[in-house]
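Colleague: Read off the chains here:
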Amino acid sequence: MPVKLQSFSHSGAILRNARVSIGRRRDLGVLPASLFMALFAVIPLLLVFLWSFYQRHGLWMAPPITLENYEVITSTDRLPVILRTIRVAVVTTGIALVIAFPAAYFFAYVANLRAKVILLAAFTVPFIVSPLIRLFALRAMLGRTGIVNLIAMGLGITREPIGWLLFTDFSIYLGLLASYLPFSLFPIWLALEGIDRRLFEASADLGGKQWHTFVYVLFPLALPGIFTASMFMFVSIMGEMAASLILAGAGKVLIGNMLLNVIDTANFPLASAISSLVILFMVFLIAAGEVFFRISSLFTPFNR
Amino acid sequence: MRYRWTRLILWVYTLAILTYLLLPSFYIIGISLDSSGLGLISTTPTLKWYARLFNNQFLLDAGKLSLTVGLATMASTVVIGLVTARAYRYLRRKSLFIIFMVLPIFVPGIVIGFDLIVYFKFLRISGGWLAIWLAHMLWVLPFIFIYLLTTLSSLDPNLIDAARDLGAKEWQAFRYVELPLISNGVVGASVLSFTLSLNEFIRTFFVQGINMTLTTYIFGFIRTGTEPTIFAMSGLITLLSLMMLALAALLAFTGKRKMSI
Amino acid sequence: MHNKNSDLFDVRLDNVSKIFGKQYAVRDLTLSIYKGEFFTLLGPSGSGKSTVLRMIAGFEEPTSGVIYLGGEDVTHVSPNRRPTSTVFQNYALFPHMNVAKNVEFGLMVRGIPKSQRSKQVSEMLEVVQLGDKAERNVRTLSGGEQQRVALARSIITQPTVLLLDESLGALDEKLRKEMQSELKRLQREVGITFLYVTHVQEEALSMSDRIGILAAGRLEQVGTPEDIYYRPRTRFVADFIGGANLLTGIGRRVDDHRVEVRIGEMKLHVDQASATIHEGNEVVICIRPEKISLGPAAVGMENQMAGSIEAELFKGVAYQYQVRLSIGHQIRAQVPARIEGSEVLVGWNSSDAIIVE
Numbered sequence: 001m002p003v004k005l006q007s008f009s010h011s012g013a014i015l016r017n018a019r020v021s022i023g024r025r026r027d028l029g030v031l032p033a034s035l036f037m038a039l040f041a042v043i044p045l046l047l048v049f050l051w052s053f054y055q056r057h058g059l060w061m062a063p064p065i066t067l068e069n070y071e072v073i074t075s076t077d078r079l080p081v082i083l084r085t086i087r088v089a090v091v092t093t094g095i096a097l098v099i100a101f102p103a104a105y106f107f108a109y110v111a112n113l114r115a116k117v118i119l120l121a122a123f124t125v126p127f128i129v130s131p132l133i134r135l136f137a138l139r140a141m142l143g144r145t146g147i148v149n150l151i152a153m154g155l156g157i158t159r160e161p162i163g164w165l166l167f168t169d170f171s172i173y174l175g176l177l178a179s180y181l182p183f184s185l186f187p188i189w190l191a192l193e194g195i196d197r198r199l200f201e202a203s204a205d206l207g208g209k210q211w212h213t214f215v216y217v218l219f220p221l222a223l224p225g226i227f228t229a230s231m232f233m234f235v236s237i238m239g240e241m242a243a244s245l246i247l248a249g250a251g252k253v254l255i256g257n258m259l260l261n262v263i264d265t266a267n268f269p270l271a272s273a274i275s276s277l278v279i280l281f282m283v284f285l286i287a288a289g290e291v292f293f294r295i296s297s298l299f300t301p302f303n304r
Numbered sequence: 305m306r307y308r309w310t311r312l313i314l315w316v317y318t319l320a321i322l323t324y325l326l327l328p329s330f331y332i333i334g335i336s337l338d339s340s341g342l343g344l345i346s347t348t349p350t351l352k353w354y355a356r357l358f359n360n361q362f363l364l365d366a367g368k369l370s371l372t373v374g375l376a377t378m379a380s381t382v383v384i385g386l387v388t389a390r391a392y393r394y395l396r397r398k399s400l401f402i403i404f405m406v407l408p409i410f411v412p413g414i415v416i417g418f419d420l421i422v423y424f425k426f427l428r429i430s431g432g433w434l435a436i437w438l439a440h441m442l443w444v445l446p447f448i449f450i451y452l453l454t455t456l457s458s459l460d461p462n463l464i465d466a467a468r469d470l471g472a473k474e475w476q477a478f479r480y481v482e483l484p485l486i487s488n489g490v491v492g493a494s495v496l497s498f499t500l501s502l503n504e505f506i507r508t509f510f511v512q513g514i515n516m517t518l519t520t521y522i523f524g525f526i527r528t529g530t531e532p533t534i535f536a537m538s539g540l541i542t543l544l545s546l547m548m549l550a551l552a553a554l555l556a557f558t559g560k561r562k563m564s565i
Numbered sequence: 566m567h568n569k570n571s572d573l574f575d576v577r578l579d580n581v582s583k584i585f586g587k588q589y590a591v592r593d594l595t596l597s598i599y600k601g602e603f604f605t606l607l608g609p610s611g612s613g614k615s616t617v618l619r620m621i622a623g624f625e626e627p628t629s630g631v632i633y634l635g636g637e638d639v640t641h642v643s644p645n646r647r648p649t650s651t652v653f654q655n656y657a658l659f660p661h662m663n664v665a666k667n668v669e670f671g672l673m674v675r676g677i678p679k680s681q682r683s684k685q686v687s688e689m690l691e692v693v694q695l696g697d698k699a700e701r702n703v704r705t706l707s708g709g710e711q712q713r714v715a716l717a718r719s720i721i722t723q724p725t726v727l728l729l730d731e732s733l734g735a736l737d738e739k740l741r742k743e744m745q746s747e748l749k750r751l752q753r754e755v756g757i758t759f760l761y762v763t764h765v766q767e768e769a770l771s772m773s774d775r776i777g778i779l780a781a782g783r784l785e786q787v788g789t790p791e792d793i794y795y796r797p798r799t800r801f802v803a804d805f806i807g808g809a810n811l812l813t814g815i816g817r818r819v820d821d822h823r824v825e826v827r828i829g830e831m832k833l834h835v836d837q838a839s840a841t842i843h844e845g846n847e848v849v850i851c852i853r854p855e856k857i858s859l860g861p862a863a864v865g866m867e868n869q870m871a872g873s874i875e876a877e878l879f880k881g882v883a884y885q886y887q888v889r890l891s892i893g894h895q896i897r898a899q900v901p902a903r904i905e906g907s908e909v910l911v912g913w914n915s916s917d918a919i920i921v922e
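Residue numbers (my numbering), protein chains in the order written: chain W, 1 to 304; chain P, 305 to 565; chain X, 566 to 922.
A few of these clues could be false.
What the hints assert, rightly or not - Below, computed lysine-lysine pairings styled on DSS-like, alpha-carbon distance capped at 30 Å:
| id | chain 1 | residue 1 | chain 2 | residue 2 |
| --- | --- | --- | --- | --- |
| 1 | X | Lys880 | P | Lys473 |
| 2 | P | Lys560 | X | Lys742 |
| 3 | X | Lys666 | P | Lys560 |
| 4 | P | Lys398 | X | Lys587 |
| 5 | W | Lys116 | P | Lys560 |
| 6 | X | Lys587 | X | Lys666 |
| 7 | X | Lys666 | P | Lys473 |
| 8 | X | Lys587 | X | Lys749 |
By construction, these hints were calculated from the structure, which means they are not laboratory data.
Computed from a predicted structure; not experimentally measured.
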């Protein structure tokens, strides 16, 4: 379809203003941010991916291309760590989903605007206040002289301080939940908010009872959020190392700790491989999420 | 009547979770006021640990660095974030862009930290305040972008059109109409960005080189046991952050009110 | 280079088109609006009328065509440099400024000093009868008052053309009628050309000097309210304004003034000098419901036939009947008094019917 653009005709007093091509030029503002992200988020990632195929060369890395880094990861002594991390991740994600769902429901359907703003702000505390400090606090709380034991002994529940609160899997779960619960909450809440309320009315109108509406309307429409929540939790835990370090001591190592150790020994190619694996896993999850659950629909509230 | 019970249960439930999330933070503040310095909470609060903070030269240097980087991050992310958020409205592939911007939040800190050090090494940028600042920008920008996006979404685009229609040039429309209405959001974003930068630990840890910020200083002590002043330091940061967070939320809320007719 | 006739026209659109994606929102629009007239662009939703307004204001750029304001080509000029001012549908009053500050905004950005501004602002507020509300926050005003502030704000900049985008849409019935006469009075007093956009035909008919009917991006007809109402040129216009009865038949020109239309066995006559009728072709007659008479009143009319009443609608000012004619068509008739019975005589004068395309 031919589109003619009228040529500029001369006029007297009124000046031409080139920026009148409205709508086209105005999205230029995204350039600085995009550039920055590309430069410092995307390119490093790609470089690291490249380097994961290099070999150790003094304190740096160099070709020839090799797959040995990836082989090392899947070797026998590394495998238990990976498996343990996956186990912890799955359990924590599961618990987090169960805990977060009612809370997300609360935010979407029960809380009024003022409550929403206040409580949401409160829920972002784990993002903001350094997880380090909080894990620190948790260690103090769960220790033999910590408040939990104080209360337990004071109430007479136990006579001796409970030892298994700290330095066990239990403490790791607690710490991880404290840090990442909001990651689980926000996507589910976003998904629930995005559901057209009239669908519930339609369901009721057609004769559906409460649980019908829940199972057949609410839950399926919340799936993109649930998947995203799981995805973010999973990936974050894979990269987590502070929790296990502070709360569990040397014994219980996660992938995050493993990575840290590898970096310490300046084995950059290996570290690159581990990093790349984590990223690849995340990309894979995002792709799967988009294909099966259409997770990009979560962001529609922002598209005016 | 059934609904009433459900609502109540949900309220209690959510508040309980909230308590769990906030408890450690308040606990730290509690510990820092204890005179024994052993991580207990006693009934005789004292500020002596806080006083001791100021005698520690290393701590003060770390504080200075944290502050400088914090302000730099604040300035850069709010400006870039605002420019980006304003342009977002005219973008065609909106969903794609927003995912692109938000993704870095979810990449584990260690991975980013590692990526950045090898990258900086490759670019021959030495660890130092520049590296820390860049790392912080990477962490903070997505948050500020979303925050400002929500701020701007309350702004009626007709208002800007009306201003231009009445003869205002671009900068006039921005200065007299847009800015006053989004000012709450801008201040809130500034506060938020500073707080995020102040608290950032893991990425900083990797790229800092020989320098130290407050958070990495604290981390150092975890390995070597605890010193009471660390509790005070943590308590201070936590208190400050909580206050600023509350402020950012308040500003977001009142800003929205300001813009409606 | 000045366009010819720039002394007569304030707004001129030359073959303007606007395409969104693959769709034509506006198609080859050519329109001229006279200085000082109250012109209304009327059309159903989706007809493109708001797009036309936005192109004149400068918020959209035409895909092709030229727009002249006061004789100057403004097709590529940004809104803040155009001599137009827009009153938005939701008024778009600046919520953080009071009435006075809203009104003086246009003057302020032009660099007019404070002392001069204050004087003009108070004068303007008097014109819209809001003199005592200068300091009030705009949020506390009623819908009608807010609209007057929007008007004052736009008019004070002395635009060549004032553009109004369905401005009365948010008001209730009674307020609407008041504001209609208010707008008309204002326009007369201030003398600025008004371009009003709406989908409410009654509004267009009562306020405008001329009306342009827009449908699917095309201008169907331009004319005075009487022109549009009594002499619709196309089927769409006939149907859109006032509702119309359309009867299709075979046409034949009898003489210079008369056309005979055959529908079935019936021969109907229409007084129409203008239309060229090709012998034996299909033509469409249009008669307004209020021009049809029923019962005793229909006796003696040139066009008569039997009909049976199918439905009755009470409209307050009149009764409207759905009648099935003996020739098969269903028509609407509007009569002042109630008609008893189901079989009735239907009639109308040849001068009250017209041929439409």
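Colleague: Does each hint fit the structure? Answer for all of them.
Modeller: We went through each hint and held it up to the structure:
no., hint, verdict
1, X:Lys880 / P:Lys473, "51 Å, violated"
2, P:Lys560 / X:Lys742, "34 Å, violated"
3, X:Lys666 / P:Lys560, "21 Å, holds"
4, P:Lys398 / X:Lys587, "20 Å, holds"
5, W:Lys116 / P:Lys560, "14 Å, holds"
6, X:Lys587 / X:Lys666, "42 Å, violated"
7, X:Lys666 / P:Lys473, "17 Å, holds"
8, X:Lys587 / X:Lys749, "39 Å, violated"
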